[in-house]
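Trainee: With the hints as a guide, dock the two chains, each given alone in a separate frame, to form the complex.
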Amino acid sequence: MLAIMGTGFNRGDEGVLLQFRAVSFSTPSGIELLHRVDLCVDHGAVTVLAGPSGAGKSTLLRLGNRLEVPSEGVVCFKGADLTALDPQRARRSVGMIFQRPIPFPGTVRSNLAVADASAADSAFVAVLRRVGLDPSILDRVADDLSGGEAQRMCIARTLLTKPEVILMDEPTSSLDPENRIGIEDLARELANEGIGVVWVSHDLSQVQRIADRIEVLIEGRNATPAETLEFLNQETEGEQ
Amino acid sequence: MSDTQIGWMGVTASLILVAIAVGLSLWQQLQLTRSMLWSSARAAVQLLLVGFALRLVLDSKASVWWVWLWVVVMIVFAGFTIRSRAKEIPGIFLLGTISMLTVVVVSLSVIFGFHIFPMQGRTIVPLAGMMIGNSMTSCVLVGRRIVGEFSDKRDEVEARLALGLSSSDASRPYVRSALRTALIPQIESTKAVGLVFLPGAMTGLVLAGVDAVDAVTVQLAIMYLILGSVATSVTVMGLGLTRQLFSSDHRMKPIARASH
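These protein sequence lines are chains A and B, in that order.
Residue numbers for the first sequence, in this note's numbering: 1 to 240.
Residue numbers for the second sequence, in this note's numbering: 241 to 500.
So here's chain B without its partners, still in its complex pose (with noise of 0.2 Å):
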């Protein structure tokens, strides 16, 4: 066992932190226990099945099939969980969806077109992962946003239209500041990396024994993929949602106001 490899001793002795977080609770009569521990078993549940599936999905003698099938499943499952996050939007899985597909296809062609990663299993399905899971949440935050901004601002839209403006001119203003609204956070993340928090990658690599200039660029690499992944999510489902308020005739259907 190298002194990366913490194995089950490591994981069992990790759990006196979860301890300190349930007695806090308990304590504070917060009455989040049960929740802490349900949330701390379904961790541990979900990522060995994950690893016992990973394991055999990137064993060398594996077909790259598996790995690819592995991201297919990963672009479904978050636009499964999109629509869940965001039932009040029309259409909004397939929308999801595709703006996964298309942050995937994007992004995977940038790292493997300029050889940034090897394509191997070992990379595809980490980064892909990565990649999702940092729009996943864009998305639904540029979704509600649009569907408030449009919903609040019918009248200002519709003054547009009434002007003999397209759908897509007289919705820019409100698109643009719903884009605003997703993508900040994810800047401010960027800008604040390595003064405020370690990222995950980074922190990853360093306790891997790799050495840490090393480990900065993958993490730089990483911090670049997401937030030109995050953009590119943000900006596909923006507009394939702002065409689907529209009929094609340049008139505004009757918009549900998303509840938080």
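In isolation and in its complexed conformation, chain A is listed as follows (with noise of 0.2 Å):
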């Protein structure tokens, strides 16, 4: 299934749909998260970001919804720089999923109306049906969902937005095995009706099943191809 893997699949700009040039990102106190990182997200692939805790993942996603800005180098969405974008825009067109579901307080009903106030219920319907729940969660306490409904719902609420990216930081990593697969499906399926997935994820055999492309981040920085290898292998070991 992996058809690339290493180095930010350096290319040109056509056809990509999210691309990280050059980036770098220092916290305020100066420590350097990421340096001169290249990645590029295209329509409906799965783009897997593996790499060591601490190797700056979830803070490479956050530069793409715009959370932070890059320190040098620029993220662009089609092709335009995304600090030149209105950033509500950019949000919506370019959608992130956190690590543990973040269920606001409320209904099932409220929490998709936080994403689209003036959407109608049959909206709502058409999405839950999307992410694999039943309509009759609606009304519930969204505090009260299972762990993998929640994560559904919260994708569910990022799809109102109509993103035609999804960042999704190690989305399953809290949930049971059954859950695990069902929302790994859910994202082949979004990336099958042309969204670009980026998903990072420490789990190798979970790479294996769900990514187009893979990108090894190490310490900040792309993987060289001997270390993209080296660490996929280490992990395989460790799995042994």
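It is worth saying that the hints were derived from the structure and are not from the lab.
Hints are supplied without guarantee of correctness; some may be wrong.
[What the hints assert, rightly or not] Pairs of lysine to aspartate or glutamate, DMTMM-like flavour, derived with a Cα cap of 20 Å:
id, chain 1, residue 1, chain 2, residue 2
1, A, Lys162, A, Asp121
2, B, Lys493, B, Glu396
3, A, Lys78, A, Asp38
4, A, Lys162, A, Glu219
5, B, Lys393, A, Glu164
6, B, Lys493, A, Asp139
7, B, Lys327, B, Asp392
8, A, Lys162, A, Glu193
9, A, Lys78, A, Glu193
10, A, Lys78, A, Glu164
11, B, Lys393, A, Asp144
12, A, Lys162, B, Asp392
13, B, Lys493, A, Asp86
14, B, Lys493, B, Glu428
15, B, Lys493, B, Asp409
16, B, Lys493, B, Glu328
17, A, Lys162, A, Asp86
18, B, Lys493, B, Glu398
19, A, Lys162, A, Glu189
20, A, Lys78, A, Glu68
21, B, Lys393, A, Asp143
22, B, Lys393, B, Asp409
23, B, Lys493, A, Glu68
24, B, Lys493, A, Glu72
Mentor: Right, dumping it as structure tokens:
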């Protein structure tokens, strides 16, 4: 299944949905978390971002959703610098799913309304079905949902903003194996619908199940092809 | 001397109650004796200084500008006090001072615009003092609460931002909760007035020989003004602080957790 591995899939702008070009990011205290990272995200593909803890994977996703801005380099959405776009519109185009599901206080309906206050119930029903949830949960208190249901609801909430890219930061790390597979299948379906999916994962078997492409980050930079292979082999050996 | 002027003998006699408090502290080994004596002495010195200064400022021959200067000093001092109570909040001095200034402008405009009280030195200083004094505590409370809420629920706020909400929309539920927390004590105290406690202004007027119902009308006006002042100050502080915690492109700035 894996088509491309390593070093940010360097190429031109054509057809690229979201592109990180030589992106660096430092904290206000001056600690550099990312150093000249490249990454391309295409329509209809699942790009897996792998790497050891602290490699800067989550930070890179935050830059893609415009929750942070790069210290150097640019993040481009359809060729346009993300910082030059209206941040609210940019975030609706490049959605983000966090590691733990984050339901807001209130019902599932009120959670969905945060993403689109003008949407009718029929739109909520449709999006719940799309993520594999029974529409009857609309009036349930979001905090009472199981982990898997809550994460699906968060995906539904993000889908209401009609994103062209979805950034998923280890979205199954707090879920049981059954729900893990379910969310992976959902990510694959979204990619098949044309959405560009970026998926952060530590789990090599999961990477093999869902990745069209893999990019490995090590200490805040793109791993070389040799380092990528070494990292993936280490993971495999660790699992045996 | 009228029957409401207690004189130095009266003040000295009231020290018996301080002696009782000190005696209780010694008996129960509370180790508060020094604090009690210090706070009593400090209050005496501070109030006497204020009394003599007020006598000069409120003299009918003195310029009214001295009164307004007094109010300005109160506002700035309130800003410093707010900062000293919540040092961890960024820009708290300026926000606190602006809140107090807004409270004074709004409340005194209503008071004098609608001729609730005559605009004189003897009304401006105590009324401004009451508005500022009551608003200060609420401002500190709402500031700390907002910082606490945003710090504890940063992931929720960022999840809202990630959906494309503006910083004001993303922060609204948490600001609302903080404003409610700061206002509820004032609402409760307004509800309980007369049933549980007799407020200071009314007590003072009754002690000064004013008819009880007249004293009540003055107190009612003051209570309503205080409620309005507290609501105004916490709103200015809440919205100003929230604005400060986000960048212009709707990103949340790093927040240091408030220490309690």
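Trainee: All hints are to be evaluated individually against the structure, with a verdict given for each.
Mentor: Results for each hint:
no., hint, verdict
1, A:Lys162 / A:Asp121, "holds, 16 Å"
2, B:Lys493 / B:Glu396, "holds, 14 Å"
3, A:Lys78 / A:Asp38, "holds, 15 Å"
4, A:Lys162 / A:Glu219, "violated, 33 Å"
5, B:Lys393 / A:Glu164, "violated, 27 Å"
6, B:Lys493 / A:Asp139, "violated, 34 Å"
7, B:Lys327 / B:Asp392, "holds, 19 Å"
8, A:Lys162 / A:Glu193, "holds, 12 Å"
9, A:Lys78 / A:Glu193, "holds, 18 Å"
10, A:Lys78 / A:Glu164, "holds, 10 Å"
11, B:Lys393 / A:Asp144, "holds, 18 Å"
12, A:Lys162 / B:Asp392, "violated, 29 Å"
13, B:Lys493 / A:Asp86, "holds, 18 Å"
14, B:Lys493 / B:Glu428, "violated, 34 Å"
15, B:Lys493 / B:Asp409, "holds, 16 Å"
16, B:Lys493 / B:Glu328, "holds, 14 Å"
17, A:Lys162 / A:Asp86, "holds, 16 Å"
18, B:Lys493 / B:Glu398, "holds, 11 Å"
19, A:Lys162 / A:Glu189, "holds, 15 Å"
20, A:Lys78 / A:Glu68, "holds, 19 Å"
21, B:Lys393 / A:Asp143, "holds, 15 Å"
22, B:Lys393 / B:Asp409, "holds, 15 Å"
23, B:Lys493 / A:Glu68, "holds, 10 Å"
24, B:Lys493 / A:Glu72, "holds, 19 Å"
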